[in-house]
Each structure stands twice: as C-alpha cells, then as structure tokens.
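Residue numbers (my numbering), protein chains in the order written: chain H, 1 to 497; chain E, 1 to 497.
You may find that some hints are simply not true.
As the list makes no split between identical chains, a pair holds if one copy fits it or if it spans any two.
As the list claims (entries may be wrong) - Restricting the straight-line Cα-Cα distance to at most 20 Å, the calculated cross-link-like pairs of lysine to any residue (SDA-like) are:
#	residue 1	residue 2
1	K20	S130
2	K274	N241
3	K342	L303
4	K481	H281
None of these hints come from the bench; they were simulated from the model.
Protein chains: 2
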Amino acid sequence: TSTISCKAWLQIQSVWHFCKEDTAKLIFALKAGLAILLVSLLILFEASYQVFGLNILWAILTAVLVFEYTVGATFNRGFNRALGSLTAGILAIVVAQIAEFSGHVAEPIIIGLSIFLIAAITSCTKTWGSLVQYEYGFRVMLLTYCLIIVSGYRMGNPIRTMIDRLYSIAIGGTISVLVNVSVFPIWAGEQLHQQLVQNFHSMADSLEECVKKYLEDGTEKRSIDAFPDEVTYKRCESILNSGPRLESLANSAKWEPPHGRFMHFLYPWSQYVKVGVVLRHCAYQVMALHSIVHAEIQAPYKLRVAYRSEIQDASNQAAELVRILGTSISNMKLSLKNSHIKRLHSSTERLQRSMHLQYSYLSTPTVESPVPLAKLSSTLYHLPHQKGVVELKYQEKNSNLAESIERPHEIMKKHMRRIYSWPSRKVDAFEEDSETSATELFVRNRLRALESTAALSLVNFTSSFLEFVARVDHLIEAVDKLAKMAKFNDEGGVMQL
Amino acid sequence: TSTISCKAWLQIQSVWHFCKEDTAKLIFALKAGLAILLVSLLILFEASYQVFGLNILWAILTAVLVFEYTVGATFNRGFNRALGSLTAGILAIVVAQIAEFSGHVAEPIIIGLSIFLIAAITSCTKTWGSLVQYEYGFRVMLLTYCLIIVSGYRMGNPIRTMIDRLYSIAIGGTISVLVNVSVFPIWAGEQLHQQLVQNFHSMADSLEECVKKYLEDGTEKRSIDAFPDEVTYKRCESILNSGPRLESLANSAKWEPPHGRFMHFLYPWSQYVKVGVVLRHCAYQVMALHSIVHAEIQAPYKLRVAYRSEIQDASNQAAELVRILGTSISNMKLSLKNSHIKRLHSSTERLQRSMHLQYSYLSTPTVESPVPLAKLSSTLYHLPHQKGVVELKYQEKNSNLAESIERPHEIMKKHMRRIYSWPSRKVDAFEEDSETSATELFVRNRLRALESTAALSLVNFTSSFLEFVARVDHLIEAVDKLAKMAKFNDEGGVMQL
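Here chain H stands alone, though its shape is the one from the complex:
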C-alpha cells in the first residue's frame, strides 16, 4: 500500500504543480492581453489618435514583442529594443545625411551598401559567444536601421521618422513594463529560487526511490530500454537538464529591482547558479546509482536485503539532509544542525564498516569451501561493542547466501546470452564448444568470475553512494556560502564555525 499511496501522492503533486503552473500561464496571458489592449486604446480613442497618429502601430508592435513571461526578461528585452533602436536611429541619420549630400546617383548606392554592411555586421556579431544573449538587440538594430533609412530616402526627413519611432517604442515598452510589474508580477528571481529548491527535493526523492528499488526483489524487467521512462529517473534527468534554465532565469533576475523576499541590492543570483552546478554534481552520482540498480549483472536479492538496514539508514539520512538544505533555501533560514551532519556521517561510516565485513566475507569462494568462521570472528574481535549484533547478522547472511547460490547461474546464463546474442552465429559456436571438458573448466571458471562480479555490484552501489555523500559535503559548503551572501537568517547559529 505504501507504493500506491506514494504513487497517488506523486500524482497529486504533479496535478497541483500543473494547475499552479497553468494559473501562472493564464495570468500571464491575461496580462499580455491587457498590455496590448492599453496600447491599442491610444489609437482607438479619438483624442490620443489626434496626438500620435498611426505611429502608435509601432507601439503595438513593441508591446507584442517586449512582453515576456517574467519581469526580468521583459526589462531585458525592453532594454535591448530601446538601445538597439537608438543606436540604429543615430547611425541611420548620419548615413542618410552623408548619402543626401553625395548626389542623386550615389545616394541609393550608399544606402544599399550601408544596409548590406549593417546586416552583415549585426548578423555576425549576434552569433558570437557572449553576445548571443543580445541577439534580439542586434535584430532590432538592423530592422530599425533599414526602416529609417529606407523610409527617409523615400519620404524625406529621416530625423522625424526616427523620433516618431523612438517615442512610439518608448510608449509601448513603458506600458508593457508597467503592466508586467504592477499586475501579479512573475519574478524571475522567485522562479529561480523555487526551481532550485525543487531540484533539491527532486534529488532527495530520486535518491530514496532509487535505493528503495535496489532493495526490492528484482522480479520485474530491469533493462536500459525501460528504465529511462521511470518517474525517478526522469526527475533526476530533469535536474541535470535544468542548467540552461537556471542560467537564463539568473540572467533575467539580475535585471529585476529588489522585491519581495529579495530586498537587498546586488542579491547573489549567480550563487544560485553555482549551487545548481554542485547539485548537478551530486545528481550525476544519483545517476550512477540508477545505472547500478538497472545494470544487467546484479547482486542476489538475499545479499542486498542483508544490508538493508545500513543502506536504508544512510540513504534516509542523506535524503533528509538534502531536503533540509532545500527547505533552508526555501525559508531563507539555515535550519541545518550539526547533529544532522553527524548523523549522516555516522550512518555512512556504519555502512562503510559493514561493507568491509561483507567484503572479507563474500570474497571467500562460496562454491567449494564454507566460510572460514575463525577468520571472520578475528575480524569481529575489533568490534567488541557490536559483536552480538554482527554475529547474529552473520548467521542470517550465511543462510541467505546458501539459498542464493543458485542465483548466479541464472544471471550467468542471461549474461552469456546477452554477450553472445548479438552475433548469433557465436551462440552456436559457444554451445558446441562447451561439450568438451577443457572448455567446461573454462566455463566454470568464468562462472565464478561472474558470481563475484554480481556480488561486487553491491560494493559498487555502496562506493557510489559514499561518493554521493562526499559531494553532499560540497553542497553544504555551497549552500552555506549562498546563505552568507544572501544574508539568510541564522536559526540556532549552526553554520558559523
């Protein structure tokens, strides 16, 4: 039932998320309608039409093109449009004057050449590395230049055209920005904040689900073709793919004035992006765990289950810590206590220690000789306070392992089939060969190699998890730096060391 309730919870979450996002989109749409309506009224009302005339068409154009989803993006686009138009206007007037003085024959040639040059230069610069973000500005510059110089040539008075165009752009841009800021503003900074927090929680969920799946009995199909469709996997992948979105949001957020919870100037939006990078580093490790869970060669279920409590405990601690970090950012209050970190480290160490036991235990050849009890207990000697527990567990594991001895043969068969199924001729060749006794030895030996590989899968899982924990330490540092830069309120004063 916990699986069902979990799924239902995920469903509800996604519907809620969808609705919330949809509401925001609906509000955005209504706002856009309002802004464009307001600009249109200037031309629909007789009084304002007498003043501005048909130039207001440009204001409508500007409003349509400048109105963006977030406040920051609208500011950015408005700035691009204003600066692009202004530069182009000045350039166009200069060139138009020069062209006018060079006589009737040369004038169109100069104008044509200048259009070609401006088009080539703006097209070239807008594809250049760091200038790509101003692409819109360059496009507007080219547009305005062409319009002013051509209509100036045909109708005379380019200065008049330029001034008309500039003030109508100013009207359209101002109305757009005002509507965007004053009616239910959607701040890029807020979005960035929420996206980052969501990434933290997604990663914690993904880690937990992944570990849960690993400790389940793997009766269902685990294959590379199927698992990219899993919810948890997709969630993890969406964290990895969120980089460009975080960057563009941070880029927009820099254009926004202080607002809401982000009241001080020069709020460290770029540190959000950096925390996102460290978070992605952790997510790569979760991805590695996913790949182990879905690998073709697996540790037997009984073996995995024997270490259930250690793995479960450590992963729960890690997920909780990640969640606490997420909530800290969300509330802008550091609620991370030393005890959380201590608990994570101690449960990680417990896992590390028990892996050592498993390691020296598993490695003894399981097929021919029983486990040398004497040796193991000499290892246990160094763990006086845990001896009772461990010995109990050891017996448990021993019986588990006996049952699971058949397992590797199946895996082996599957693996053999996989390796050799591709060139199908090889399968026959292999089966024929295996009847001779020399290759039988070889096969048995290969089988043993595979058996240990299967058992090693558990070790592999654990080490990848340990690396994850090591990276979480870096994550704590990054969040700590963010908290200092953004002046989060300290709660209990844990982080000042």
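Put chain E on the given structure of chain H with help from the hints.
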C-alpha cells in the same frame, strides 16, 4: 612528451574547429546582408517602387526576421510567419466586418475586446507544451491581427491592408529562402550529422583520457573543485548537454528538402536524436568513471598499475569501437566488423576475470596475515592456460602491495580530516577521544574498513567500465537501426545477422 603532443593536438583541433565555425558564421552574415540588400533594392529602384510602394518595408521586416542560420530553420520560420499572418488576416477581416456593421459606438469596443482576446489566447497557447515550437507563429499572428484591424479601423479597407501585407511578406520570405538555399546553404541535417559524429569521437577521447588519468600516479590534486575544469570532463559534459541542440537541429532538418548526401525522402532524422539519447546513456557512465577517478578515496597507485594492461586494453578496444561507430555514421558506411565486437568482448572478459582474482586476493586481511597462497592457487587451478602468466603477476602484485601498505594510512588521515574538518569542533573532540585505548581499537578497525574501501575503488572503476561496455552494445544496436533506416551502404556486410 605524449601529454604535450596530445595537448598540442587538442589545441590545433580547437583552433581548427573555431576557424571552421567562424568561416560558416561569416558566410552566414554575408548571406544575411545579401538577402536584405536584395529586398531593399525593390524599394531603392524607382521602377519597383512605383509598383509596390512603401509596402516593401514589410518585406524588409520579414527578411530580417525570417533569415536564420540553417536552411531548415529559415523554412520553419517562414512557414510560421506565412501561416500566422494568413490566419490573423482572415480573422481580422471577419472581425472588422462585424465591427463595422455594429455602429460607430460599438465598433471600437468590439475591436478593443477582440484585441484583448486574441492577445490572451495566443499568449496562452504559445506557452503550452508541444506548441512552444510555434511560438513565433503565434507572436506574428497577434502582431498582424493588431496591425490590420487597427489600421483598417483608422484608414478603412482592411482587405487592402491585408493583401498588401501578405504579398510583401511573401516577397521578403521568398527572397530570404532563395538566398539561404542557393548561396552556400548551411543545412541543419548536415550540422546534426556532424554534431552526432563529433559526440561519438568526444566520448571515445573522454574515455581514453579518463582511463589514462586513472592509471597515472595521482600526485596532483584531485578534487571536486578542480576537475570540472578539465578538458575531458568538459567534453563529456558537452555531450550530456547536447540533447536540446540535437533536437532543435532534427526539428529544423525535417523541414529541409532532400539534399547532398541525404537524398531520399523521409530521411530518419529522429533516429539521429535516438542514437544521441543512447550515446548520452553511455556518457553518463563515462561521467561515473570520471567521478571515481576524482574521488577522495583512491586505490593505491601500485594496485591500479598492476592491472594496467587489462584496463588499458579493454578501454582502448571500447574507445576504438565507439570511434568506428562514429566514422561509420560519418562516412554513411557501416565499417564495423564482428571482429571488433569480439575483441572488445574478449578483452572485457579478461578484465572481468582478472578482477575476480584481484577480488579474492585483495580481500584477505593484508595487515595481520599474509595471503593464503594455497587458496589462491586452487583458484588458479581453473585457469590452466593462463596459470604461468597469472602466477608471475601474482608475485608482482604481492610485492607491490607490500610497498603500498603504508598508503591507506595517509588516505585514512586525509579522509578523517575531510569528514571532520567541517564542524571544526569535532576535530578536537575526536583527537581528545582517540587517546583512550578503547577508541584506539575502534579507530584501527575503522582504518581497516577504509583500507578495503580504497582497494574497492578499483573494483568500482572496473564494474562501471563493464556497465559502459554493456551500454555500448545498445549503442551498436541503435546505430545499426539508423544504418538500416537511412540505407547506409554496407561494407563487407557485417551487420546482417
């Protein structure tokens, strides 16, 4: 010297790549200039100006807005603009007629309301999932609607305005597309093809570099803070981030007519994206290898070096196979032979087998008792044809390990410092405690756990590599499917099984 020559090679490659890309950008810029110049000529020449008048301004606008880098993107944008304008024009005429018949008072109200509605609806739909790619079309639709209905209201005759606008858009769009296709066309399909091939080669390079780094003596600093700056790591990350680019290129490529090497209709561009997805799955595994190479807990150098030949061999085979796949796509000829796959699988198996040896060897407690020779030789018994080699190697490893016994203590110290350095109070607490003899036992035990963890790092590396090889099999399948769908020429007929 090989490192220097390798770096120089990378340098040359990147400069060459930059130049090639720059030339393409320059050509694009000149083409854009040419297209816009051609449209402007229509207004600069007296004869054509007499025919079209100032409406050609819209053609210039269209040319500026439609002209994109690749042929496919230009087609796509032109189509969006044409369809958006047409829909908006028809709508505007219908609404204008209705408004005209409803009297002088109602007319501006109906027009205002319709503008608000159209603005809200287009803004809403363009943010919806699968419609985001037609964002430009919706924007143009809103623009055209506003312009036609408003100028129709003020100047009368909306049908005339619409026709003027449509034919000028047609002129601008046609000239843009013609110039784009006829002068040094930059095909999105070709770009997609090259990008995918480059990803294959990047992954092969990244894998090789990663393995090389792993087998080097790790005297330099390996830390999470430094390694994201490495060339190989960045290359791998760029593969992982190339998803959106591949998708947008495939999206554009679908708009392109058959051309160059891609002569048949319905060329399977979407399969390129799928191959890219499988490739990214492989790259995640290379990422996992990177993380092991840069982990804080490392297998001792002597131990890593003992398995150098197996690891090196297997990784070289894998990298070669990936390169062959890349070259196959590049030449559109399947040059993959069964022997390549066989060689990779046999060297992988050799690695797997030798890991089995290492596993049963390493796991015997190195500190107190020497390695039980009898047991190991009983394991070796099953490898009659390799016995000589392995025994030699075993002795070699034994002496190596003896030298490296000191190593784990250093790692341990480092690790302890790391775990406890964060809350600095803990360090003191730990140091005080360690003077009591009870915890000394505890520490010694913990040290042993760490020792085996360090040795396990090698095992971890190997299993991750094995999983990489398993995923390469899927990659072969995906490329095979692509070859069939795109009708690559078979060379030697290897893949038909």
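Within, between, both or neither: how does the pair K481, H281 come out at a Cα-Cα threshold of 20 Å? within (17 Å within a copy, 33 Å between copies)
Go through the copies and call it for K20 and S130: within, between, both or neither, with a Cα cutoff of 20 Å. between (34 Å within a copy, 19 Å between copies)
Could you figure out if K342 and L303 sit no more than 20 Å apart (CA to CA) within one copy, between two copies, both or neither? Cα proximity of K342 and L303: none, with 28 Å in one copy and 32 Å across.
For the identical chains here, do K274 and N241 meet the 20 Å Cα criterion within one copy, between copies, both, or neither? Both. Shortest intra-copy (15 Å) and inter-copy (17 Å) distances satisfy the 20 Å Cα cut-off.
Comparing the model with each earlier hint shows a violation of hint 3 alone; every other hint is respected.
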